[in-house]
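Each residue of the sequence shown is one higher than the one before, counting from 196 in the working numbering.
Derived from the structure by calculation, the hints contain no laboratory data.
Fair warning: there could be bad hints in the mix.
Label pairs and their computed distance ranges (CB to CB) [as the list claims (entries may be wrong)]:
1) G291 <-> D269: 18 to 28 angstroms
2) S446 <-> P268: 40 to 50 angstroms
3) P404 <-> L261: 41 to 51 angstroms
4) Q270 <-> G291: 10 to 20 angstroms
5) E320 <-> Q270: 37 to 47 angstroms
As the structure is a prediction and not an experimental result, all values here were calculated from the model.
Note that the Cβ used here is the ideal one computed from N, Cα and C, for glycine as well.
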Amino acid sequence: MKHLKTLQKIPVVGGLVNIAISHLASSHASAISKHFSQFLRPELATSEQLKREVYRLRHEVYCEELKFEDVRPDQEERDSFDEHSVHCFVRHIASGRLAGTVRLITSSHQDELLPIEKFCSHAIEDQSLAPANFPREDICEISRLAVLEHFRRRQMDKFVGAATGAINTSDYSETELRCFPYIAICLYLAAASTAFKNNKKHAYVMMEPRLARSMAFVGIQFKQLGRPVDYHGKRAAYYINGEMFRSGLSSGYIKLLKSIEHDLFVRGAREKSHPVLDFFLFDQANLEKAEK
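Given these sequences and hints, build the entire structure.
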């Protein structure tokens with residue numbers, strides 16, 4: 196394992212090494228999925244209290260640590276897009292603390308723009324996949340992924356980008372592969388699954404190209420829509436749909452995805468006496484299938 200970094204730089208050989216590492220990571224994902232719910236639980240923020248927990252976590256990461264946004268007096272990082280967003284988070288069961296969060300921004304009418312439309316429309320060069328081409332109820336945007344510093348103490352997480360989900364694919368050891376950053380991966384899987392299970396057919400995200408490479412490494416293949424632009428650093432517009440999302444996942448990550456979906460849609464629905472979200476209608480057949 197100690198020579199992988201060198202081998203990755205060799206043409207042809209590097210590609211084979213990446214495939215081998217992805218296979219190992221997938222195997223570990225399969226093993227971890229069996230015990231995932233014992234330690235971490237993905238949930239949807241369905242109450243104002245839970246949303247405020249999410250906003251406080253985002254403030255710690257985006258305002259205090261990364262300084263992407265100004266520090267707020269109430270220590271809650273929020274904006275107008277939160278009014279039409281679904282918030283996913285991962286809770287560390289033993290401590291009760293939120294470990295990470297991500298939001299899914301929806302749109303119900305033409306005036307309810309996604310951030311990528313409002314601030315980064317110039318980043319979409321492939322106009323065939325621009326949000327304006329699709330019905331508003333079919334589109335969404337994944338944004339504000341944040342992992343709390345307390346849960347990024349491993350050596351592999353100590354690099355710029357880990358706070359917003361990037362994976363350091365240039366340095367591996369056997370131990371690090373066993374400790375892959377599953378919180379960030381869980382958040383992406385939770386956001387994408389929430390979108391596509393609820394009839395959001397087209398998802399967008401503004402992210403650094405290295406983050407897209409990180410996601411490709413675990414089998415989540417985004418399509419880049421244009422060259423990187425200046426938006427909180429160099430970021431590019433990316434697109435994914437349900438077929439793209441599921442077709443690239445290995446068997447290990449599919450097992451992890453099923454565990455996440457069970458927590459979000461089956462256990463979550465059981466524990467609440469009201470609909471999980473007023474504007475999301477869950478497919479009962481899918482719920483029963485996930486439960487099995």
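For each hint, the structure was consulted:
1. Range check, G291 to D269: about 21 angstroms between beta-carbon atoms, so the 18 to 28 angstroms window is met.
2. At roughly 48 angstroms, the beta-carbon separation of S446 and P268 lies within the given 40 to 50 angstroms, and the hint holds.
3. As the Cβ distance of P404 to L261 is approximately 18 angstroms, the hint placing it in 41 to 51 angstroms is violated.
4. Checked against the hint of 10 to 20 angstroms, the pair Q270 and G291 passes, with Cβ atoms roughly 18 angstroms apart.
5. Taking 37 to 47 angstroms as the suggested C-beta distance range, the pair E320 and Q270 conforms, at roughly 38 angstroms.
Hint compliance for this structure: hint 3 alone is broken.
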